[in-house]
Amino acid sequence: MAKILAVDDSASMRGMVAFTLRSAGYDVSEAENGQLALDTAAASRFDLVLADVNMPVMDGISMVRELRQRADYKGVPILMLTTESNTDKKMEGKAAGATGWLVKPFDPEQLLATVRRVLG
Amino acid sequence: MSTISIAQFHKVFFEESLEGLDAMETALLALDEGGNAELVHSIFRAAHSIKGGAATFGFPEMAAFTHEAESLLDQVREGRRAVDKVIVELMLRTVDCLRGMFDRAQNGQPLADAQSEALKQELAAAAGHSAPAAASKAAAKSTASSGWVIQFRPHKSMLAGGNEPLRLLRELAALGQLNVEALYDRLPVWEALDPTECHLGWRIELTGSATREAIAGVFEWVEDECDLSVEPLATAAAAPVAEAVAAPAAANAPSGNARAAAASSNDAGSVRVAIDKIDGLIDLVGELVITQAMLDQFREEFDPSRLALLQQGLAQLARHTRSLQESVMGIRMLPIGSVFNRFPRLVRDLSQKLGKQVKLDLVGEHTELDKTVLEKIGDPLVHLVRNAIDHGLEIPEKRRAAGKGDVGTLRLEAFHRGGSIVVEIVDDGAGLNREAIIAKAVQKGLITNGDNITDEEVGELIFQPGFSTAAVTTDLSGRGVGMDVVRRNVVDLGGSVAIKSRPGAGTTFTITLPLTLAIIDGLTTSVGDECYIVPLVSIVESIQLPADAVRTVTGGGELFRFRGEYLPIIRLHEQFGCANARQKIEEGLVIVVESDGAQVGLFIDELVGQQQAVVKSLEANYRRVDGISGATILADGSVALITDVAGLIRMQSRRKAA
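Here the protein sequences come in this chain order: A and B.
Just so we're aligned, residue 342 is where the first sequence starts under our numbering, counting upward by one.
Just so we're aligned, residue 392 is where the second sequence starts under our numbering, counting upward by one.
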């Protein structure tokens, strides 16, 4: 099953994302900030990365920018989990190399629909 | 996936949000003292997380409220607005308001109230716009057509960004009938072809009732990575169709009942434990298993020549058991910082209200206390801190007159001393007002006159029930609880409170607390056929008295002289009705015990030994017994009762009064 990396500093949000995806059979790893996500992504390759924007230590935008530099993450879908108020963040994320975004709030069904859409 | 209930994440959401609010408050207070950009970022992040979580987990009112705070913080973050007192004040109130909302959320009550609505408007006004009172989105207009012609030419780099044209075509196919034509006019020659780049384009005819918005939705992520045109298939435009747009959050909101049910399941107390504590435990259990395996060798046959090995194994077992016990107890230990954290805010608000300048020093926040003790020590500490600011520290003019700096200092310090935790509340204020206290005590009938009263006794007076020196009770300290309640709360935790004061130099309250309530170090004593455990912390000395050392006073009480004072004797066998106990004072022992500065002698038969006792509740297993704080199981399996020294002393003084 596809491997997904969920990155969010909020334990509840990360928990919801991970639980939902695991329930659907995906192999989910979690990271609570951009730096830890980069470390995790270096240890094994993921088929999809879901990343929050606002995080301490390293934010989601910087994380995407660094991840895209890595040869094995070229073409891997990376979605930003962003809030509607941050419309400019969507474009900032895209410029950094994100594939797309999922607008918060989302519910488990919306999350799964988006993930299935990307992973096919 | 309707089986996934969003409510199961509420508990984590509440916990992390309340922590976030604490952090936000701390950062706001630091900002008030002149902060940096990182503080502003952390405040913004906390608000942002709460907003996102509130919207996701079905609390739209909270999301809307926090959204306004976030907008204002965003302006500060981006430097469009300076940090000033007004903003800090507003944000502190926002923190309070959110705490209230979380409180109501946990109880399944409606979140918004008049206060939160007013504050929301205030935040919006401060941010320079008006907040929508209710979510009312204008219905978006859509156009439909019998079909569309889509020209889609991805930029070369699109694949690298993770967007796959095939996926987009599949999604379009879900909207209606597709007729796709590939455009390969930009395909380079074989030698120049880079397979990681996208060179193809497509002309797509989509027939069906798909709206332009639906198509735009498919291409939403790649708008900036392709050339896209969408034209109606037929020249005749179809009639516009209005689409109802429901407020997205409303769909997520669970019913009030569901929330209440979720809240009620959160009641069981939980402790968050650091991973290294758990790792330590696992290590210890591993050691224990090894020791057990080693001792197991002796089960089959025992060769006396291996006695040394057996002894070694048993010693190892004892050591590991002890370490394991300590580690397990450590799980319940939490840093006192979580209680100290509430004080910067309290001190700030209080000192502003009273026109005093107070600098708060927190020392030893990492000192760990049992969770139960920690939960119950908050209120007494709040009271003492209020008291120190209200009565102890002076206004700047008075301080200047007394030759001190304008700013008073209040220090909260926690540290280990012996087997106890000590918390000190130290102020450099005026100290106790001896005359006022004595006058008040005389007026209240606590003492007859103020002659020959030591400073220590004056300090003791303020712990008497119903005592309050402030001529007019302010709304700060005068909340119906006095220092007597503070002392009772601390004593109930197995601790004590002492006061030290120097006129003009300040007051120090010292709270001594046991490390844990679950285990006590005790002296096992025998009284007739029974065993009683006396907590080591309350023992002053054990002495054997000659028969003539005891004076009998009218009313049947017995007294003996100890370090220049006469102390009453409590005969435990009489107190608890034990058979076969020694009656003559010279045949037994008297243990001098102390609680809250009062001392008595407990008469017992003899000392058995010192041991750690795991406290079992008597109330839970039997019923409450005066003078007994709990029970424990002895090594031989019998039950011993643990004496409640404070309770015994209280009973003794009641008997004296009667």
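It is possible that some hints are incorrect.
Between beta-carbon pairs, the in silico distance windows are [said to hold, decoys possible]:
1) A:Met399 to B:Leu560: 47 to 57 Å
2) A:Glu450 to B:Arg663: 44 to 54 Å
3) B:Asp475 to A:Ser403: 48 to 58 Å
4) B:Arg594 to A:Glu450: 51 to 61 Å
5) A:Glu450 to B:Arg710: 52 to 62 Å
No more than 25 Å apart at the CA atoms, straight line, and that leaves these computed lysine-lysine pairs for PhoX-like [what the hints assert, rightly or not]:
6) A:Lys415 to B:Lys1007
7) A:Lys430 to B:Lys547
8) A:Lys344 to A:Lys431
To be clear, the hints were calculated from the coordinates, so they are not data collected in a lab.
Remember, predicted model here, so these are calculated numbers, not experimental data.
Cβ coordinates follow ideal geometry from the N, Cα and C atoms, glycine included.
Taking the hints in turn, this is what the structure says about them:
1. A:Met399 to B:Leu560: 47 to 57 Å: Check failed, 35 Å falls outside 47 to 57 Å.
2. A:Glu450 to B:Arg663: 44 to 54 Å: The hinted range 44 to 54 Å is violated for A:Glu450 and B:Arg663, with Cβ atoms some 31 Å apart.
3. B:Asp475 to A:Ser403: 48 to 58 Å: Between B:Asp475 and A:Ser403, where Cβ atoms are some 30 Å apart, the hint is violated.
4. B:Arg594 to A:Glu450: 51 to 61 Å: violated, 34 Å
5. A:Glu450 to B:Arg710: 52 to 62 Å: Check passed, 55 Å falls within 52 to 62 Å.
6. A:Lys415 to B:Lys1007: Violated. A:Lys415 to B:Lys1007 sits at ~62 Å, over the 25 Å cutoff.
7. A:Lys430 to B:Lys547: The given pair, whose Cα atoms are some 23 Å apart, holds under the 25 Å limit.
8. A:Lys344 to A:Lys431: Given pair A:Lys344, A:Lys431 holds - Cα atoms ~24 Å apart, limit 25 Å.
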